[in-house]
Amino acid sequence: MKKSVTKPAAKKSAVEKKPALNAWDIVQIARHPERPLITDYVKLMCSDFVELHGDRAFGDDKGMLGGFATIGGERVMLIGQRKGATTEEKIAHNFGMASPEGYRKALRLMKLAEKFGIPVVSLVDTPGAYPGADAEARGQAEAIARNLQEMSVLKTPVIVVITGEGGSGGALGIAVGDSVMMLENSVYSVISPEGCASILWRDGKMAPAAAEALQITAASLKKLGIADVVIPEPKGGAHTDKPAAVELVKKAILAQIKELKKLPLPELVERRYAKFSAIGRF
Amino acid sequence: MAWFAKVDAPLRVASDKIWAVCPSCKAYVPREDWNKANKVCPRCNFHDRLSCRERIALLTDKDTFKEINAQVSFNDPLKFSDLSGSYAEKAKGTVAKTGLGESVVTGTADIDKIPVVLGVMDFRFLGGSLGSGTGERILLAAEAALKAKKPLILVCASGGARMHEGIISLMQMAKTCAAIARLKEAGLPYISILSDPTTGGVSASYAMVGDLNLSEPKALIGFAGRRVIEQTIKQKLPDDFQTAEYTLEHGFIDSIVDRSEMKAFLANVLRYAGF
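For the protein sequence lines, the chains are A and B, in the order given.
The numbering of the first sequence is this note's numbering, which starts it at 261 and goes up by one.
The numbering of the second sequence is this note's numbering, which starts it at 1027 and goes up by one.
It should be emphasised that the hints constitute simulated quantities derived from the structure, not laboratory data.
This structure is a prediction, so every number in the text was calculated from the model and none was measured.
Possibly wrong hints are sitting among the right ones.
[What the hints assert, rightly or not] Here are a few chain B residues that sit away from chain A, every Cβ distance over 12 Å (derived from the structure):
#  : residue
1  : Asp-1042
2  : Ser-1050
3  : Ala-1053
4  : Arg-1057
5  : Ala-1063
6  : Asn-1064
7  : Asp-1074
8  : Ser-1077
9  : Ile-1094
10 : Thr-1120
11 : Gly-1125
12 : Asp-1138
13 : Lys-1139
14 : Glu-1287
[What the hints assert, rightly or not] No more than 25 Å apart at the CA atoms, straight line, and that leaves these computed lysine-lysine pairs for BS3-like:
#  : chain 1 : residue 1 : chain 2 : residue 2
15 : B       : Lys-1175  : A       : Lys-415
16 : A       : Lys-511   : A       : Lys-483
17 : A       : Lys-322   : B       : Lys-1260
Even for Gly, the Cβ is constructed at its ideal location relative to N, Cα and C.
Construct all of the structure, not just a fragment, from the sequences and the given hints.
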C-alpha cells in the first residue's frame, strides 16, 4: 500500500537525465542503414587493402570480404561480413548473410595469416548465416563448425570486433578470438529478438521484450564476460560521425594487436582455450 | 450416475501402451514389437528417438557405463523468463520429469571391450538444447578422453542452442569445438553420431566435426529450420530435404548405420584407429 505513494515528483526532477537506451533502441542503432560497414572500415582504417577471393572449392561468397590489410602500419588479415550500402549492393552481398563458401574463404585466409605470422582482424556484422536451401546443401553447419574448431587452435592472434549485428552462429563462425570487442551500440545474440519473440512469446512483435531478456547489448555482454572491451561510439551512434567512429575502432584494434603480440604463440592459444572453456562454467 | 451421462466420459483406453505410432509413416505397431525393435519402424525403417539410457544400453557392454560429471547441471545465467514463465522453473520441471541433470549424459564405458568416453544427448531434456551445462559436460568429456587417451563418441539429438541462456548458450558451440580440436591434435578419434534430430547450433558445432560423422536412417539433420528456409527462398522444399540420406548424398555424413548394427560398427572402426 505504502509503495504507491513513496517519493513522488521530487525524485523525478532530481534525476533530470535522459532515459538510457533500452536493448531494442540499441538493436535499431546496430542495424542503422548509415552505420559504418566493413567497406567503410577498409576505406577509413586501412592504408592498404588487397582483397582475396574464393574458398578454393566452390566459389567466392560476396557476403564475406577478406584480404591483406594495413592498419596503422600493422599488416593483418582482415575478414568480415559485407552487408552492402545500396539496395543493389545489399542484394549482391546477400545482406551480409554468408554462405558456406564464405566461412570456408574466411578460414582459408585465417590459415594463411597463421602461415605468414600476421594477426587476424575479424569485423562481425551479420543478421546470421544464410538460411537457404543451397547453403544447407553445401554444408552451412559443417562450415561454421569447422571454423569454430580451427579458430580455437589458430596459431596467430585473432582480434574480433562486433561492429553492428552479431547474429548467432553466422557471427560466431568468424568470432572465436583472443580478444572479442564490441562497439557500444552493437548487439550479439544466440537468436534474433524477432525470432526469439515468435518462438517464446508466439508473437514477433514482442521483439523488444525478447531483446531485453536475451541481454544482447555490448554493456550486458561485458557484464556476462563475453565482450572483453566495449569500444565507445560518437554521441548518438557510429552513423553520426563515421570517421570518428572508425578511428575509435582502429585505436582499439591496434592496442589489442600490441598486447597480443607480446604473448608467445603457445601461451596465446592456451589463453584462448582457457577463455572459451570457462564460459558457462558456474 | 445415470447411464446416459456416461456418453460424455472419454473412453479410457491407454492406447499408447498398446500401440506405437511411427512418427514418420504413421504406421500402428504393437508397442511390444516397437520396443523390441529398439523403436525402429518395421514398415519404413524410421529410427525413433531414444532416451539416453536406452541408447547407452544399446551401444555399450553391459554394466560398463559409469557416468562422470553428473554434478554439472543446468544454469540460468540471464535469469530468463518469457511468456510461459521462468526458464529456471521450466528446467527444474524437466529435471524432475526426466531424472536428468542436463541434455547430455557423459561417462566412460566399453564398446566391445574398447574403453571409450561416451556422451549421449536426450531430446526429452528441453529439446536436447545446448545449454551451458551441456557444453560443460561435453568439454569435460573431451578433456577426460584426452587425459585417458581414449576415443570420444558423442550421440547428438538436439534442436540447437538453448536460447533461454542467450549468448552463453551460443558460446558453448565454440567451447565444445575447442575441446574437440585438442583431441584431434592429440591424434585421438572423435566419432559423432547425428541422431534424429540434429539441427541448429549443435549441427553447427560438435556434431559436424567428427573424424567420422555417422547417422541413422531418415534422421533430420540441418542448420536452419525448414520453415525459415521456405520463407527465405519462397519455395516449398522436397520431403527428403535435410534427411540423413540427403546429408550423406551431399558429403557430410560418412555412413548411415542401422541402430542394431551401430555398436559393432563403432567397435570395428575404432580398431582401425588402433584401439
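Hint-by-hint comparison with the structure:
For Asp-1042/B, the non-interface assignment is confirmed: its Cβ lies about 27 Å from the closest Cβ of chain A, beyond the 12 Å cut-off. Every CB of chain A lies more than 12 Å from the CB of Ser-1050/B, the least distance being 20 Å, so the non-interface label holds. No Cβ of chain A comes within 12 Å of the Cβ of Ala-1053/B; the nearest lies about 28 Å off, and the non-interface call holds. With a least beta-carbon separation of about 32 Å from chain A, Arg-1057/B lies farther than 12 Å from that chain, consistent with its non-interface assignment.
For Ala-1063/B, the shortest C-beta to C-beta distance to chain A comes to about 30 Å, beyond the 12 Å cut-off, and the non-interface label holds. Listed as outside the interface, Asn-1064/B is consistent with that label: its C-beta sits roughly 27 Å from the nearest C-beta of chain A, beyond the 12 Å cut-off. A cut-off of 12 Å between C-beta atoms confirms that Asp-1074/B is not in contact with chain A; the least separation is 23 Å. With 12 Å as the threshold on Cβ separation, the claim that Ser-1077/B sits away from chain A holds: the shortest Cβ distance comes to roughly 25 Å.
Every C-beta of chain A lies more than 12 Å from that of Ile-1094/B, the closest at about 16 Å, which supports listing it as non-interface. With 12 Å as the threshold on Cβ separation, the claim that Thr-1120/B sits away from chain A holds: the shortest Cβ distance comes to roughly 16 Å. At the 12 Å boundary, the C-beta of Gly-1125/B stays outside the reach of chain A, the nearest C-beta of that chain being 21 Å off. The beta carbon of Asp-1138/B sits about 28 Å from the closest Cβ of chain A, which is more than 12 Å, so the claim that it is off the interface holds.
Separation of Lys-1139/B from chain A is adequate, the least Cβ-Cβ distance of about 30 Å exceeding the 12 Å criterion. Look at Glu-1287/B: its CB is around 25 Å from the nearest CB on chain A, clear of 12 Å, so calling it non-interface holds up. With a CA separation close to 24 Å, the supplied pair Lys-1175/B and Lys-415/A stays within the 25 Å bound. With a C-alpha separation of about 22 Å, the suggested pairing of Lys-511/A with Lys-483/A holds against the 25 Å cut-off.
A distance of roughly 21 Å separates the Cα atoms of Lys-322/A and Lys-1260/B; the hinted pair therefore holds under the 25 Å criterion.
Checked against the numbered hints listed earlier, the structure breaks none of them; every hint is satisfied.
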